[in-house]
Amino acid sequence: MDMAERKKLLDGVDARTRLAGSNKMEILLFSLGTRETFGINVFKVREVGRTPHITRTPNMPRGVEGLISLRGNVIPVLSLISFLEHKEQPEGYGGTMMVAEFSKRTLGFLVHEVDRIIRVDWEKVKAPETVLSSNQGLITAVTELDNGKLVSILDVEQILANAFGEAVIVDIPPANVEEEVSVFFADDSVVARRKIAEVLDKLGVRHKQATNGAEAWSRLQAIATHAVHTGRAVRDEIRLILVDAEMPEMDGYVLTKNIKGDPRFAGVPVVMHSSLSSQANHAMGKAVGVDAYVGKFDAGVLADTLRPLLER
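Just so we're aligned, residue 4 is where the sequence shown starts under the numbering used here, counting upward by one.
Hint data in this document are derived by calculation from the structure and do not stem from the laboratory. Watch out, some of these pointers could steer you wrong.
Dumping the calculated DSS-like pairs for lysine-lysine here, alpha-carbon to alpha-carbon at most 27 Å [said to hold, decoys possible]:
{"no.": "1", "residue 1": "K260", "residue 2": "K129"}
{"no.": "2", "residue 1": "K27", "residue 2": "K263"}
{"no.": "3", "residue 1": "K27", "residue 2": "K205"}
{"no.": "4", "residue 1": "K205", "residue 2": "K107"}
{"no.": "5", "residue 1": "K263", "residue 2": "K152"}
{"no.": "6", "residue 1": "K129", "residue 2": "K211"}
{"no.": "7", "residue 1": "K289", "residue 2": "K127"}
{"no.": "8", "residue 1": "K289", "residue 2": "K152"}
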């Protein structure tokens with residue numbers, strides 16, 4: 004794929020905001036020179052091109068090849084294959100670089116080759132537990148192409164944490180809430196769920212969780228049904244719902260639409276917490292009715308966003 008084709012490949016990403024609430028996503032397919040096909044949400048990819056000169060620096064974390072200057076900014080370059088279960092780099096690997104933007108970071112990812120963008124239904128994107136893979140800890144979801152080939156969607160948040168360490172949770176004052184206040188959150192990333200739970204623990208609120216949107220919606224419906232049968236409002240059971248944007252089987256946009264469309268959840272705010280932090284993604288969240296949108300992962304900002312919604 005030449006430079007013109009790569010540019011064309013990523014043109015018009017902003018127009019994809021119409022996917023909000025459709026339970027569809029667009030994945031950029033790429034290879035690492037192995038038999039596997041990998042994917043990344045196209046919203047996380049800023050550009051694709053030939054790998055520029057990388058400045059090697061000492062004491063870089065494992066998997067970080069060095070630094071590059073890109074339009075006046077210095078960004079780290081990560082070798083994706085270094086985080087996976089491969090002993091050596093295949094021939095031709097690293098000639099192509101994806102520039103990814105997520106979790107308030109800009110990174111270069113070395114790959115072997117970029118293929119194309121496909122559109123898939125989130126309900127056809129499954130959790131990695133349903134397949135056997137030596138790279139399972141770094142795979143957030145799996146989907147199948149029309150030809151039967153599997154695509155492994157990388158957990159780039161986990162790769163970021165592996166390379167640079169997890170965000171340190173600073174002191175967070177507890178929220179002024181009743182003891183029985185509970186938060187429900189859904190996120191498919193193991194590292195994200197762990198950090199969210201830490202923030203909620205410091206706020207002093209109980210919490211329940213789900214690993215994808217479909218599981219979350221099923222559990223939330225059960226909670227709502229129980230509340231109605233016991234003569235309580237759902238808000239008495241769940242004070243706030245925190246959702247990720249990207250999740251297998253049902254994304255956060257459809258989950259939010261379902262919650263906002265069910266009168267039983269009246270008065271329960273929904274906060275979207277996502278590594279997709281562009282204005283387009285904020286607009287997508289607003290379109291489906293989220294009460295707040297928080298980019299991953301700043302524990303202080305997350306706590307400051309949740310506190311007034313919990314205390315009101």
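The hints, checked one at a time:
Pair hint K260 plus K129 holds up; C-alpha atoms about 21 Å apart against a cutoff of 27 Å. The hinted pair formed by K27 and K263 meets the criterion: a straight-line CA distance of about 19 Å does not exceed 27 Å. Between K27 and K205 the alpha-carbon distance is near 35 Å, which puts this suggested pair outside the 27 Å criterion. A threshold of 27 Å between alpha carbons decides the hint, and for K205 with K107 the separation of about 23 Å falls inside it, so the pair holds.
Taking the CA atoms of K263 and K152, the gap is about 36 Å. The hint is violated against a cut of 27 Å. At most 27 Å may separate the alpha-carbon atoms for a hinted pair to count; K129 and K211 meet this at roughly 21 Å. Of the pairs offered as hints, the one joining K289 and K127 holds, with about 25 Å between alpha carbons and a cut-off of 27 Å not exceeded. Of the pairs offered as hints, the one joining K289 and K152 is violated, with about 35 Å between alpha carbons and a cut-off of 27 Å exceeded.
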